[in-house]
Amino acid sequence: MNREELFEKIQEIFRDIFDNENLKIEESTNSSDIDDWDSLNHINLVVAIESEIKIKFNFDELSTLKDVGAMMDLILKKIN
Amino acid sequence: MVELLNYPFDSSMIHRKCNRIRNELMKGAFTNEIKVAVLGGSTTNQLVKIIELFLLKEGFLVSFYESEYNKYYEDAAFDNQTLLDFKPDFIYIHTTHHNITEYSSLKATNEEIEIIFENQISKFSSIWNSLEKYNCPIIQNNFDLPLNRSLGNLDSYQPHGQTYFLNKLNHFFAKEAQKNKSLYINDINYLSALFGLNNWHNKNIWFTAKYAISYEAIPTLANNIVGIIKSILGRSKKCLVLDLDNTCWGGVIGDDGLNGIKLGNESAQGEAYLTFQAYVNKLRERGIILAVCSKNNHEIAKEGFTHSDSILKFEDFTSFKANWDPKYLNIENIANEINIGLDSIVFMDDNPVERNIVQSQLPSVSVPEIGDDILNFIDYIERNNYFEVVNLSNDDLNRNKFYKENIIRKKQKAAFENYDQFLLSLKMNAEIKPFSNVYLDRITQLINKTNQFNLTTKRYKLIEVEKISKNEMFITLYGKLTDKFGDNGLTSVMFGKITNKTCVIDTWLMSCRVLKRDMEFAMFNKFVEKCLSKNLNKIIGIYKRTAKNNMVSNLFSDLGFEYVKEKSDGSIIWELKIKNYNSIVNKININ
Chain L
1 MNREELFEKI QEIFRDIFDN ENLKIEESTN SSDIDDWDSL NHINLVVAIE
51 SEIKIKFNFD ELSTLKDVGA MMDLILKKIN
Chain H
81 MVELLNYPFD SSMIHRKCNR IRNELMKGAF TNEIKVAVLG GSTTNQLVKI
131 IELFLLKEGF LVSFYESEYN KYYEDAAFDN QTLLDFKPDF IYIHTTHHNI
181 TEYSSLKATN EEIEIIFENQ ISKFSSIWNS LEKYNCPIIQ NNFDLPLNRS
231 LGNLDSYQPH GQTYFLNKLN HFFAKEAQKN KSLYINDINY LSALFGLNNW
281 HNKNIWFTAK YAISYEAIPT LANNIVGIIK SILGRSKKCL VLDLDNTCWG
331 GVIGDDGLNG IKLGNESAQG EAYLTFQAYV NKLRERGIIL AVCSKNNHEI
381 AKEGFTHSDS ILKFEDFTSF KANWDPKYLN IENIANEINI GLDSIVFMDD
431 NPVERNIVQS QLPSVSVPEI GDDILNFIDY IERNNYFEVV NLSNDDLNRN
481 KFYKENIIRK KQKAAFENYD QFLLSLKMNA EIKPFSNVYL DRITQLINKT
531 NQFNLTTKRY KLIEVEKISK NEMFITLYGK LTDKFGDNGL TSVMFGKITN
581 KTCVIDTWLM SCRVLKRDME FAMFNKFVEK CLSKNLNKII GIYKRTAKNN
631 MVSNLFSDLG FEYVKEKSDG SIIWELKIKN YNSIVNKINI N
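Each protein sequence line maps, in turn, to chains L and H. For the first sequence, our numbering assigns the number 1 to the initial residue and increments by one for each residue that follows. For the second sequence, our numbering assigns the number 81 to the initial residue and increments by one for each residue that follows.
If a hint is listed, it holds; no wrong ones were tucked in.
Restricting the straight-line Cα-Cα distance to at most 27 Å, the calculated cross-link-like pairs of lysine-lysine (DSS-like) are:
| no. | chain 1 | residue 1 | chain 2 | residue 2 |
| --- | --- | --- | --- | --- |
| 1 | L | Lys66 | H | Lys129 |
| 2 | H | Lys97 | L | Lys24 |
| 3 | H | Lys129 | L | Lys9 |
| 4 | H | Lys547 | H | Lys167 |
| 5 | H | Lys481 | H | Lys564 |
| 6 | H | Lys129 | L | Lys24 |
| 7 | L | Lys66 | H | Lys97 |
| 8 | L | Lys77 | H | Lys283 |
| 9 | H | Lys283 | L | Lys78 |
| 10 | H | Lys290 | L | Lys56 |
| 11 | H | Lys137 | H | Lys107 |
| 12 | L | Lys78 | H | Lys97 |
| 13 | H | Lys290 | L | Lys78 |
| 14 | L | Lys54 | H | Lys283 |
| 15 | L | Lys54 | H | Lys129 |
| 16 | H | Lys129 | L | Lys56 |
| 17 | H | Lys283 | L | Lys56 |
| 18 | H | Lys290 | L | Lys66 |
| 19 | H | Lys97 | L | Lys54 |
| 20 | L | Lys54 | H | Lys290 |
| 21 | H | Lys362 | H | Lys375 |
| 22 | H | Lys659 | H | Lys618 |
| 23 | H | Lys393 | H | Lys375 |
| 24 | H | Lys541 | H | Lys628 |
| 25 | L | Lys9 | H | Lys97 |
| 26 | L | Lys66 | H | Lys283 |
| 27 | L | Lys56 | H | Lys97 |
Treat the hints as calculated values from the structure; they're not laboratory data. This structure is a prediction, so every number in the text was calculated from the model and none was measured.
Here chain L stands alone, though its shape is the one from the complex:
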């Protein structure tokens, strides 16, 4: 999976979790950009990504997931 394909998947997950079909994220999008991105929805995001991409994050990694770009970096590192 390349970065563009991954971005599409992540975008869909964000749209589902935040219940907004038109939501457009960017690599720099972080929790201060989306109102509902609180700690509870953060877990929902992580769980959804884990199940969609079939990966697992460990403790240390969870704290590095600050924005969309960082998430993608980590995911790509894990799957490639």
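Given the coordinates of chain L, assemble chain H onto it according to the supplied hints.
Chain H alone, transformed into the frame defined by chain L:
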């Protein structure tokens, strides 16, 4: 998207699409609102969201009280004005093995172990006692087992073992729930076994977010809780309608013949169908009505149940439709014949085309997508919680007999010149008395599920009925009817509240299986008698129209009540001066 909430659950999709499913469900119309307090011993946010989905799907608009993280004990055991103001209809206590804070050390003596056990017991007992003031059902988790067991196998049988300790607590919870009528156990011990502890627990989500169970298990847990709520509210299904070929046996009886169908211990497949029949028979024994709806020749279809290995017999089915008409028409006929709503029916058919037609023509019938593999059929019935039951009354155990007897009565009726003669021939005897403790379960059950002969369709919980039965200001009556064919059981309930020489009939209902037997007149005569003995001079009747209770719209007028007015909420008020009432003659003997 709502279909995601049917078994088997795709947990990750349910979580991911949770908000979208909710939006879709919120477009529906809701006639019922309920309030649920969730007192958690761990994080409950996502659990509450998923519980909401399952309740919305059942037509309940729900509001929640959610305790702060791990504040279940404080919320329950101490005064809590917010919770009092909230007035919960249900309290759910989400505790797990993580909430057992103290186990015995390996050096503890038997006495010391006993003290630790007593401490845990008294903690939970004090929670349940304290919650009594909310007058509502309490749904309490029992305990799941931890993922690890430091004593290995010994953990399960040595008094110091955690497994041993938790099993003992579970046993205590079960005993308490047998005694305490408002305590219902949510059996997570079973659910976690069903899931496998490896999947039920998720250490990552426990340590990072304090969810005591995995995300994967949340939908199953939520569905289980909602199953209990549904059952308490009388929303469980009543009737299972079965297809025959490749559902009750393997093969096609019309082609393969009686000896060609697969049923019995000779083949793996035959044994699987036999197991399915045995399960269905267990449902029947606890009061689920069975019916057949099959595209078949009637005589040939019937012959299938004469198979020497068949557990189900032709007589076990209250209604048997084997013909070539569309199945949705047959199912409508079944509903009319048995006198139940379409929303009380579950239809099982291995043929996806038939399922689809029935589901699209009769959207209120439950048609699980069971596939065509007999191995999965039982799971589809069970895990969708269609027939969840929270207590077993004698009436449940005898229900099929009642319906059977009714069919014989119908046949007899045809032989009489007029209806009065028929009624007379039945030699009916009724017992009509004030509520008594042994019948409160059954009375509550009737109050919550009777729709047609029901003047006000008010629902009450067991604990409320119990209070009414003890309150001097209420006149309460139950009615049991027997006749020469058998005992119809407790089928009629009415009660009214006394204010200023007047009794207002709050609730009056009767099970459909004793319709047109004059039982309502016998009940009312007795009710008037009770009013007279208390020197009352007036009875107020209320008729509140629903989609299902048209049959009693003229009842008060027939009894000689005078119309007073129609209130803004649509209920019609009737009034009867007792001195003007002449007892209505009927054919029922009062014991």
